Every structure is written in C-alpha cells, then in structure tokens.
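Novice: These are the residues of each chain, in order.
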Amino acid sequence: MDLFTIVSLILITIMIIAAIIAAEIKDLLSAAIASGVMSLVVSILFYMLQAPDVAITEAAIGAALSMAVMIFGIKSTKRWEK
Amino acid sequence: MKRVLALTLAILLFIVFAMAFAKIPFGEKMSNYPDYYNPIENQTSNMSLPQHYLTYGKNDTGATNMVTAVVVDYRGFDTLGEVTVLFLASTGVGSLMYVEDKVKRKVRRSNAVVETGSKLLFGFIILFGAYIFIHGHLTPGGGFPGGAVIASSFLLLYLAYPKFHAEHKKLNVSESLAGLTFVIVGLLGLIIAGYFLYNFLPFGLPTYLFSAGVIPVIYVAIGVKVGSELTGIVDAMMGVRE
Amino acid sequence: MSDIILLILQIIGYIFISIGTFFLLLASIGLLRMPDVYNRMQTATKATTLGSLSVLIGVGLIDLWWLPKSLIIAAFIVLTAPIGASALARASYKHGVKLWEGSVVDKYKEEKEED
Chain A
55 MDLFTIVSLI LITIMIIAAI IAAEIKDLLS AAIASGVMSL VVSILFYMLQ APDVAITEAA
115 IGAALSMAVM IFGIKSTKRW EK
Chain B
-10 MKRVLALTLA ILLFIVFAMA FAKIPFGEKM SNYPDYYNPI ENQTSNMSLP QHYLTYGKND
50 TGATNMVTAV VVDYRGFDTL GEVTVLFLAS TGVGSLMYVE DKVKRKVRRS NAVVETGSKL
110 LFGFIILFGA YIFIHGHLTP GGGFPGGAVI ASSFLLLYLA YPKFHAEHKK LNVSESLAGL
170 TFVIVGLLGL IIAGYFLYNF LPFGLPTYLF SAGVIPVIYV AIGVKVGSEL TGIVDAMMGV
230 RE
Chain C
710 MSDIILLILQ IIGYIFISIG TFFLLLASIG LLRMPDVYNR MQTATKATTL GSLSVLIGVG
770 LIDLWWLPKS LIIAAFIVLT APIGASALAR ASYKHGVKLW EGSVVDKYKE EKEED
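Residue numbers (this note's numbering), protein chains in the order written: chain A, 55 to 136; chain B, -10 to 231; chain C, 710 to 824.
There could be a bad hint or two in this list.
Stated by the list, open to error - Only pairs whose alpha carbons sit at most 30 Å apart, straight line, appear in this in silico DSSO-like list of lysine-lysine:
1) Lys152/B with Lys821/C
2) Lys129/A with Lys807/C
3) Lys132/A with Lys80/A
4) Lys821/C with Lys108/B
Said to hold, decoys possible - Label-pair restraints from in silico Cβ distances:
5) Ala9/B with Lys129/A: 48 to 56 Å
6) Asp81/A with Gly81/B: 23 to 31 Å
7) Lys136/A with Gln719/C: 57 to 65 Å
8) Leu77/B with Lys755/C: 43 to 51 Å
Claimed, not checked - Here's a subset of chain A near chain B, in silico, CB distances under 8 Å, partners left out:
9) Met102
10) Pro106
11) Asp107
12) Thr111
For the record, the hints were derived by calculation from the structure and aren't laboratory data.
Computed from a predicted structure; not experimentally measured.
The C-beta atom is built at its ideal place from N, Cα and C for all residues, glycine as well.
Take the sequences, apply the hints, and build the full model.
Specialist: Written as structure tokens, this is what we have:
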C-alpha cells in the first residue's frame, strides 16, 4: 500500500462517517455541519484524483454556500427532528 | 389479471429496448467513424473520445484547460442550459422567500473583530473569485467556481453585518447583462459562421491571457451571472430572519 | 557556494516544520484535555495558528519557489483564524455556555457591567 491509498482510505472513512451522522442525527444543525464536513472531504478527494476544477466548485458550493442555506432554513423552522 | 398483463408487457418492452441498445456503441470507440482531421492519410481513427479531446483540443479551441474547452466550446449549448437551470432555481427561491420590508429583521450587532476582519477580507475574496473566472481557460477553475466564491464573499458580509443587503436592482442588471452577453456571443457566431456559439475571435497564443477566442468572454459572463444568482439566493434566505 | 546556502536553508526549513508539527501535536492534546469550551478554543486557535505558520514557512524555505505562495497562505491564516475564533467564543458565551469553575477572570462580563 502506498501513501496515496492510505490517505484516500482515511479520507473515505471520514466521509462515510460524516454522511452517516448527517443522515441519522436528530439535531438538524449538527446534520448540516456534518454534511459540510463531508463536502470538504469530497473536495480533497477530488483534488487527489486530479480534478481541481470540481474540487474548487465542491469546496465553494458544498462546504460554504449550501451549508449556509441549510442553516438559514433551520433558523426559520425548527432545530430538532421529531 | 390486468396488472399481471401490464407487468409482462413492461418486462417484454424492457427486454426489447435493452437488446436494441446493446447493439449501439456508446462513448468509447471511434474506430468506425472517418478521421475528420486527415481524411486521406488514414481513413479511420482509433482514438477514444478523451484521447481525441486531449490531442486536438488545443488546436480546436486554443484553451489550455481542457475541461473549459469541453464545457464552453464543445458543449457550449449545454452550458447555456445549465445556467438557465440555475436562473430558474434562483427565481424559485426568490419568489418563495423574499419579503418586502427588511425592517422587521431583528438586528443584533456582531463583534467588532468580525466586522473589521470581514471588511478586510471581502475585497480579497472577490479578487480571488474574479481571478478564477478570468483565467478559466488557462488554469483550473472557471465561471461556476468563481461565481460561487464571489457569492461566498457576499455571504461573509451578510453574516458580519445584519443590516447589510445587496440591492436587488443591481443584481438584476448584472445578471441580465451577463446572460445577454452569453446569448449575443452565440448569435454572433451564428451570423458569422453559421454555428451557434462559433469561436469567431482569433485564438492568439495558447497559455496567454488573451487567447482562446470567445471562451474568456463567455466565462466572465457565466461568472458574473452565477455570482449574482447565488447572492440573490443568499439574500432571499436571509430575508426571512426575524 | 549557493549550494551550501540552499542546504542551510533546507535544514532551517526542516527545523521549522518540526517545531510546527510539535505545536500541532500540543494543540490536539490540549483539545482533548482542557476543561471547558474557552480553554479548548485557545489551544485550537493559538497553538494551531503558530504550528501551521511554522510549517508553511518551513515548506517555503525548503523550496524557495514556493515561498511567496506559502507566505500568502500564512497571511490569510493570520487574518482569518482569530476572526473565526472570536466569533465562535462570543457565540458560545451568548448561548450561555458556563465557564470552568477554576476560571479567574471574566472580562466580557465586567465590560458588560460597566456599560
């Protein structure tokens, strides 16, 4: 196993854990933050797979804008999932 | 009985369609098509589609970033559709969320550190976004990431200053002008050479800023358009807060 | 002659990277062991800023071609990390997170009482 494989395995593990947290947790604010973490890790993975165009887009839209829009939505509705 | 009949019919149809589509080659192989570039020397080319783009893309479009060459030049019409989809999404969010009187918003002053810092960083982030979409045909990036970065700089201002809101008229004007530029460039290509979005400007030297014909013009237009649309979405979402 | 200077610069760069990784390690240990939010915030911002600055400068010294870029990144870290930290700390104070019982001073409360 070379360094690339090890690092990408670690990143994929973090990504899967963040995705499961975002889907399962009852606190919607934490879910939004977990989905932002997932987008950030995905953008690092895109960069490692030599797709910098997609990585920039994913980092700007997934980690910053869509998380902000989700948090605004949570602010105007309810924070806890029933 | 009716349901069973319908199900069997659907399965039969699916099998027929699957067998029909199995005969058609998708994507990879080009070997049966005549070689467009040197038709006399070798009649057929053995290149796959990605290889073809990587080999001929620089001569075809003048852009060094092949992703941009595909997005704006080879598949430019699809990009026009994508930008329209984004416009539709922005319009939907605005029509659902926009509230007229901003006075209702409960104003809570943020930290002095945050205010000064965001005022300081705002210009740099705008500069970075503009760099991304102006150099879209040379380095990784382009109109969509650059527009998103510009919108995130406005998001920073929205978070730091609760009273701040972008003027909708200016957003409207910049968004419409950018879309108009895109369509007019395409129509000029149609008038000059007979193809929509034809690359009619001189290519120049590759790897220089003024190269690749109309690609930088279109990408700047896309950047401004995406930036103003996403800023509009953020503004509409902030407007709900009380 | 220039080779020797480059070698010395590389050695200095590796020393900088070692110092930076040491501070990053201290920051992660502090993040686990500190008692309350504000103390953890301190390790997570001060030590991390110093560590990453040192690593960036070290990388720039090892390959001088990267020095301008790494200095720009360092400037942005210096600008953004304290802003984020102060916003987070202020938000948690406003949200009502209690201080650790061993805390000595609460400047924010004093300033509010003066107003």
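Novice: Give a verdict on every hint.
Specialist: Going down the list of hints, with the structure as the test:
no.	hint	in the structure
1	Lys152/B with Lys821/C	23 Å, holds
2	Lys129/A with Lys807/C	23 Å, holds
3	Lys132/A with Lys80/A	11 Å, holds
4	Lys821/C with Lys108/B	25 Å, holds
5	Ala9/B with Lys129/A: 48 to 56 Å	52 Å, holds
6	Asp81/A with Gly81/B: 23 to 31 Å	28 Å, holds
7	Lys136/A with Gln719/C: 57 to 65 Å	60 Å, holds
8	Leu77/B with Lys755/C: 43 to 51 Å	47 Å, holds
9	Met102	14 Å, violated
10	Pro106	4 Å, holds
11	Asp107	5 Å, holds
12	Thr111	4 Å, holds
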